[in-house]
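This is what each chain is made of:
There are 2 protein chains.
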Amino acid sequence: MSRVAGKGGDSVTATAPQEVMAPVVGRLAIIGVGLIGGSLALALRRGAAVGEVIGCGRRRESLERAVALGVIDRWYEEPAEAVAEADMVAVCVPLRAMRSIFTQIVPALAPGAVVTDVGSAKGSVIADAAAVCGEVPTWLVPGHPIAGTEHSGVEAAFAELYERRRVVLTPLPETAAAATAQVTAMWQAAGARVVEMSPEHHDEVLAATSHLPHALAYALVDSLARWDDHREIFELAAGGFRDFTRIASSDPEMWRDISAANRTQLVAALRRYQDDLARLTAALEAGEDEQVLAVYRHARDERARFLKILEGRA
Amino acid sequence: MSRVAGKGGDSVTATAPQEVMAPVVGRLAIIGVGLIGGSLALALRRGAAVGEVIGCGRRRESLERAVALGVIDRWYEEPAEAVAEADMVAVCVPLRAMRSIFTQIVPALAPGAVVTDVGSAKGSVIADAAAVCGEVPTWLVPGHPIAGTEHSGVEAAFAELYERRRVVLTPLPETAAAATAQVTAMWQAAGARVVEMSPEHHDEVLAATSHLPHALAYALVDSLARWDDHREIFELAAGGFRDFTRIASSDPEMWRDISAANRTQLVAALRRYQDDLARLTAALEAGEDEQVLAVYRHARDERARFLKILEGRA
Numbered sequence: 022m023s024r025v026a027g028k029g030g031d032s033v034t035a036t037a038p039q040e041v042m043a044p045v046v047g048r049l050a051i052i053g054v055g056l057i058g059g060s061l062a063l064a065l066r067r068g069a070a071v072g073e074v075i076g077c078g079r080r081r082e083s084l085e086r087a088v089a090l091g092v093i094d095r096w097y098e099e100p101a102e103a104v105a106e107a108d109m110v111a112v113c114v115p116l117r118a119m120r121s122i123f124t125q126i127v128p129a130l131a132p133g134a135v136v137t138d139v140g141s142a143k144g145s146v147i148a149d150a151a152a153v154c155g156e157v158p159t160w161l162v163p164g165h166p167i168a169g170t171e172h173s174g175v176e177a178a179f180a181e182l183y184e185r186r187r188v189v190l191t192p193l194p195e196t197a198a199a200a201t202a203q204v205t206a207m208w209q210a211a212g213a214r215v216v217e218m219s220p221e222h223h224d225e226v227l228a229a230t231s232h233l234p235h236a237l238a239y240a241l242v243d244s245l246a247r248w249d250d251h252r253e254i255f256e257l258a259a260g261g262f263r264d265f266t267r268i269a270s271s272d273p274e275m276w277r278d279i280s281a282a283n284r285t286q287l288v289a290a291l292r293r294y295q296d297d298l299a300r301l302t303a304a305l306e307a308g309e310d311e312q313v314l315a316v317y318r319h320a321r322d323e324r325a326r327f328l329k330i331l332e333g334r335a
Numbered sequence: 022m023s024r025v026a027g028k029g030g031d032s033v034t035a036t037a038p039q040e041v042m043a044p045v046v047g048r049l050a051i052i053g054v055g056l057i058g059g060s061l062a063l064a065l066r067r068g069a070a071v072g073e074v075i076g077c078g079r080r081r082e083s084l085e086r087a088v089a090l091g092v093i094d095r096w097y098e099e100p101a102e103a104v105a106e107a108d109m110v111a112v113c114v115p116l117r118a119m120r121s122i123f124t125q126i127v128p129a130l131a132p133g134a135v136v137t138d139v140g141s142a143k144g145s146v147i148a149d150a151a152a153v154c155g156e157v158p159t160w161l162v163p164g165h166p167i168a169g170t171e172h173s174g175v176e177a178a179f180a181e182l183y184e185r186r187r188v189v190l191t192p193l194p195e196t197a198a199a200a201t202a203q204v205t206a207m208w209q210a211a212g213a214r215v216v217e218m219s220p221e222h223h224d225e226v227l228a229a230t231s232h233l234p235h236a237l238a239y240a241l242v243d244s245l246a247r248w249d250d251h252r253e254i255f256e257l258a259a260g261g262f263r264d265f266t267r268i269a270s271s272d273p274e275m276w277r278d279i280s281a282a283n284r285t286q287l288v289a290a291l292r293r294y295q296d297d298l299a300r301l302t303a304a305l306e307a308g309e310d311e312q313v314l315a316v317y318r319h320a321r322d323e324r325a326r327f328l329k330i331l332e333g334r335a
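From first to last, the protein sequence lines stand for chains A and B.
Numbering of the first sequence is given in the working numbering, commencing with residue 22 and proceeding in unit increments.
Numbering of the second sequence is given in the working numbering, commencing with residue 22 and proceeding in unit increments.
Warning: the hint list may mix true and false statements.
One copy or two, it doesn't matter: identical chains are merged, so the pair holds either way.
Claimed, not checked - Mimicking SDA-like on lysine to any residue, the simulated pairs with C-alpha atoms at most 25 Å apart in a straight line are: (1) K329 <-> A177; (2) K329 <-> R247; (3) K329 <-> D264; (4) K329 <-> E171; (5) K329 <-> I254; (6) K329 <-> A315; (7) K329 <-> H251; (8) K329 <-> D272; (9) K329 <-> E253; (10) K329 <-> A246; (11) K329 <-> E181; (12) K329 <-> G260.
None of these hints come from the bench; they were simulated from the model.
Predicted model only: the values in this text are computed from it and were never measured.
Go ahead and model the full structure; you've got the sequences and the hints to work with.
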């Protein structure tokens, strides 16, 4: 089960407040200043919801660009230095880098500092943190903003990315309630609607909505490209195929990592889908066209409901 | 194998000619004046490539609208009347209506008249015509323009729909060469690039590029909507899911008909895809992440090639 946090949960509270008395976050360290981390900084700055933003990344020119773009105030190359004076740390790095970042920042965190992340799988991030700390840390609030674009890098960051978007937080029994409240307030100040659920539930739902479609799209393009006449197949494909396979243009290394990080749930989602697909195939082969129609109709109707949810975030 | 017909096959000849000495088609009858048939009429009119366009359809107000929009010159409600004086007949009706239309027009066709269609499966259209005529008719040039939008109806028609798009023709040994030449010239005058192949090959390729993705998208939305927490699943889905499932908003009855009309090839494509998907699932489950990465990378690279083909029609 999930619940939407916020003052009444209506759409007005989901937009960035125009007047903020005191910054929601004093000093924010962003580890990994790209589309996701950079947009968080810009959204908080726009609402005067952050005092100072410290960046950290591997590429010096990218960090200098982030300063020039007004995304961050200053930067360090070493994560330990970046977090030393921070009240809040947002870890915005690929899943494969999480454990290394935790190893570097844990000894350097200021007392009372809160850490959150933006990883697409939550169980693996929690396992990484627990492995580094020896137990699930009280100061970690695992998070996942359901937002993004096909672009990456700090140049692609924009303040509106999270407006009316869902951010899932998956605090554990060990997590300090005050830490969860601070991270919730930060994302609300960025314009997002915060939802809480267990890490297991997050990983199950995201396997269905995101990881499964990516695997299906990758598998389709890979499969068709191995047909004998694949050049001709691509020549005779049109806009529907282009849209259906858009996510197959995503970063393969990132998606290998996400697939591995959410292996159990993604395998389960793949098997469930294959069972349903086998049933549809059998119905079609047997000439049970009204059964095929029932699937198509149900899908068309449910997608209309999904679009209403997506557009209205009703 | 396929070949591109046309004067040299370069991109210049694919655009609508600005000066035409005589109309390519004298009197064109369009059975079913919607997006596809209406856009064909508009494209030919723009290039002065047609003398007169006669419409035919089931809804009188739609036909009157087509006259008002300058798509057709006049109309009949009876297909037999519409084709009686036509040099060229374009049958632009759903696959399920093909046999009925052939039954009505065959006795009424003028001597020397050529008939083509726009059905998404070609074997079934040829079977329908042969069933009505007792043999494969020499005057039928089965066709399929690879173009469309998410809209339908004559209001959605526009003259540029076929520009640089592929139109597949699947003439048979029985088909009169002059008939194929006339249909080729018509589509070229509408801005399209004409490709010839066998009906079997068309149906195999379109099963892969179009019918399979539709079935996969319908199956996914249907499948997820039957999960217990499907409301939450849709709430946490984002733009990638929206694009991936866009084709699941297509007309279910039309796609039941297409699926049934191309049953053998679609079932084969579904089975082939399921074999590949099962292999990917097994690799992921076994922790063979480099094998997973190989599939994702190959797909990403091949989709980049596809986009070049789609954009450049190279």
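Against the structure, the hints come out as follows:
For the homomeric pair K329 and A177, the shortest alpha-carbon distance between copies (23 Å) is at most 25 Å, but the shortest distance inside one copy (27 Å) is not. In this assembly of identical chains, the alpha carbons of K329 and R247 lie at most 25 Å apart only when taken from different copies (18 Å versus 37 Å within one copy). For a Cα distance limit of 25 Å, the shortest separation of K329 from D264 qualifies both inside one copy, at 19 Å, and across copies, at 15 Å. Taking identical chains as interchangeable, the C-alpha atoms of K329 and E171 lie at most 25 Å apart whether they share a chain (22 Å) or sit on different chains (17 Å).
For the homomeric pair K329 and I254, the shortest alpha-carbon distance between copies (14 Å) is at most 25 Å, but the shortest distance inside one copy (34 Å) is not. Taking identical chains as interchangeable, the C-alpha atoms of K329 and A315 lie at most 25 Å apart only when both belong to the same chain, with a minimum of 21 Å there against 37 Å between chains. In this homomeric assembly, K329 and H251 come within 25 Å of each other (Cα to Cα) only across copies, at 14 Å, whereas the closest approach inside a single copy is 37 Å. Taking the closest pair of Cα atoms, K329 and D272 come within 25 Å of each other only across two copies (18 Å); inside a single copy the shortest separation is 29 Å, beyond that limit.
In this homomeric assembly, K329 and E253 come within 25 Å of each other (Cα to Cα) only across copies, at 13 Å, whereas the closest approach inside a single copy is 37 Å. Only between protomers do K329 and A246 lie at most 25 Å apart by alpha-carbon distance; the minimum there is 15 Å, versus 35 Å within a single protomer. Proximity of K329 to E181 under the C-alpha cut-off of 25 Å is restricted to the intra-copy arrangement: shortest distance 20 Å within a copy versus 31 Å between copies. For the identical chains of this complex, K329 and G260 are neighbours both inside a copy (23 Å) and across copies (13 Å), given an alpha-carbon limit of 25 Å.
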